[in-house]
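Enquirer: Generate coordinates for the entire structure from the input sequences, incorporating the hints supplied.
Count the sequence shown with UniProt numbering and you get residues 1 to 447, in order.
Hints were generated in silico from the structure; no laboratory data involved. Just so you know, not all the hints are guaranteed correct.
[As the list claims (entries may be wrong)] Using 20 Å as the maximum straight-line C-alpha spacing, the simulated EDC-like pairs for lysine to aspartate or glutamate come out as follows: (1) K317 <-> D276; (2) K326 <-> D210; (3) K326 <-> D276; (4) K317 <-> D307; (5) K326 <-> D307; (6) K326 <-> D168; (7) K326 <-> D271.
[As the list claims (entries may be wrong)] Pairwise CB distance ranges, derived in the manner of DEER restraints: (8) R428 <-> E64: 48 to 58 Å; (9) A76 <-> A376: 49 to 59 Å; (10) R350 <-> P199: 23 to 33 Å; (11) R371 <-> I37: 40 to 50 Å.
Ideal placement from N, C-alpha and C gives every residue a C-beta, glycine not left out.
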Amino acid sequence: MNLEELLADPSAPPVRIAVTGANGGYARTLLSQLRAIDAIEVAALCDLDTDRVRDLWAEIGHTEGLVAVGQGAPGATVLTDDLDRLLDVSFDVLVEATGNPARGYAAARAALDAGRHVVMVSKEVDSVAAADLLGAAERAGVGYTLAGGDQPANLIALVSAVRLLGLDVVAVGKSSEYDLVYDPRTGVLTQLDEHVDAPGLAGLLELGADTADTLDRRDAAVAALHRSATADYCEMAVVAANAGFRPDAERLRYPVARPAELADIYAPCEDGGILDGTGRIDVFSALRLPGEASFAGGVFAVVRTTDPVTWATIAQKGHVVSRNGKYACLYLPYHYMGVETPLTILALARAGLSTGYRRMRGDVVLAGRARGPIPAGTTLAMGGHHHDVEGVDPVLVRRSEVGDDVAPLYLASFATTVGSLAPGALLRLGDLTGIDPALAAAARAGA
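Expert: Next comes the structure, spelled out in C-alpha cells:
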C-alpha cells in the first residue's frame, strides 16, 4: 500500500495535535520526528513538568518559545500543566502518552467527548478502558486508535493483514524489550547492561530434536537474568482483548529463542511445539550472537502453511518455516516508537483509519496476583520504567473464567487494600478502596 498516495495531500491543512505526557520518552521520539513533517502541527503540550518540556522543546531544535493557553500569536504551541485547559486549544488529535491510568483516561475521554480524535500511547489506559473509549469515539463520530510504532498497534496491524490473506493464525506475540546476546568466545551473556556467565548456552545455540527440552535447558542457563516485565503483559493484554487471542497460561512463557526457531516453538504440542492450543499470544526472549541483527522488540505471527510447494518456495527464500513444514512465522523486527506514530495520526485524521479493531474481540484482562502477603491498608504503588505495581505479579486472565469482579491491574494501581491478601490471591474489586471512580466506570463498560 502506498501510504504517501493515501495520506499526503499538499492542499489539506496540517493536522493539529496535542500531546499529554509531553516530557516522556515516547513523546520525545514523536516530537523530534515531527520536525520533518509539515503535515502535522503541534498545537499543545501538556505535562506536570513544564520546565523540562521547555528544555526538551529547545533540545530537539525549536527556536520559537512555548506559550500559555490564550496567549501568543495564532499557531503558537501552547504549554500547560492543566489537563482541564487543554480543550481550550484548537486541535484535531490528542496523543495521550502520560502512562498514568486515571489521568490518561480522563484526558482521552474528554477529548473524545469534545469531538477530537485520540491516538493512545498509554497502554495502561487502554488495558482498562478500551471498550469505553471505543464507544465514546463512535458516539462522537471521531476515532480512537492505538499508536503505531509501539508493539500493540504494530502486532494488530500484522494480525489484520495475515487474517485478510486467509492464513490460519496459530500464535502471535513479540520479543521482550532487550535481546539476550551470547558471546561463545567468552561464555558471557548480556542483557542491556547486565552481564552474566552462561557457559551452558554454548551447547544450546541450536534447537534440538526435543524443542521443550532445549527450551527448558536454555531457561536454566539464563536463570540469573530477570526477563519478564509488566509492560510486556500489558501490551499482550491489549492485543489479546482487541484482536481476540489468549495466553497459554496466566504467566507468559518467555522461551529463549532465536528468530529462525519461532515457527517450530510456537506450534501445538502435538507437532513438537509448546502450545496447548491455537490462537495464543506470548512473549519470547530473543537470543542472538554479537553482530547478529536484533529482533528489536518486534512482533510476529505464526501461521499454518497451506500448499507444500508454495511454502517450500518461500522457505528457499530464507523465510522462517518449521522443520516439519507445517508452520511459518511472519515477523516485523522493529518498533520505532514515535518515529512511526505520525502515520497513525495522519491515517486517523485524514482517512478515518485505525490501527485496531473497532469492537473488542476477546475477554483477556491484565490482572494481578499478590506476590506475597499484602497487609490491609497497603497502597499499591505503581512506578519504575515498566510501570510495575508494587507487590503484585501481572497475570493474563479471561474474564469469562475468573468473573467480572476481577480488578484490572492498572485500575488497582494506587488503590488501597481493604483487607489482607494471601500470597497468590487474585486482586478483585472488592479488595480495594480508593479506586478512581471514572476509570472504574470505564472498566465496567468492558466487562
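Enquirer: Now look at each hint and say whether the structure bears it out.
Expert: Hint-by-hint comparison with the structure:
1. For the hint pairing K317 with D276, the CA-to-CA distance comes to about 30 Å; that exceeds 20 Å, so the pair is violated.
2. Taking the CA atoms of K326 and D210, the gap is near 17 Å; set against the 20 Å cutoff, the hint holds.
3. Distance restraint check for K326 and D276: the Cα-Cα separation of roughly 16 Å lies within the 20 Å cut-off, and the hinted pair is therefore satisfied.
4. A C-alpha spacing of about 16 Å is found between K317 and D307, which places the hinted pair at or below 20 Å, so the restraint holds.
5. At roughly 10 Å between alpha-carbon atoms, K326 and D307 fall within 20 Å of each other, so this suggested pair holds.
6. Only pairs whose Cα atoms come within 20 Å are accepted, and K326 paired with D168 is accepted, the gap being roughly 11 Å.
7. Annotation: proposed proximity of K326 to D271 holds, straight-line Cα distance about 8 Å (limit 20 Å).
8. Remark: the range hint 48 to 58 Å for R428 to E64 is upheld by a beta-carbon distance near 51 Å.
9. Taken as a hint, the range 49 to 59 Å holds for the pair A76 and A376, whose Cβ atoms sit roughly 51 Å apart.
10. Judged by the Cβ atoms, the range 23 to 33 Å given for R350 and P199 is violated: they are separated by roughly 55 Å.
11. Judged by the Cβ atoms, the range 40 to 50 Å given for R371 and I37 holds: they are separated by roughly 44 Å.
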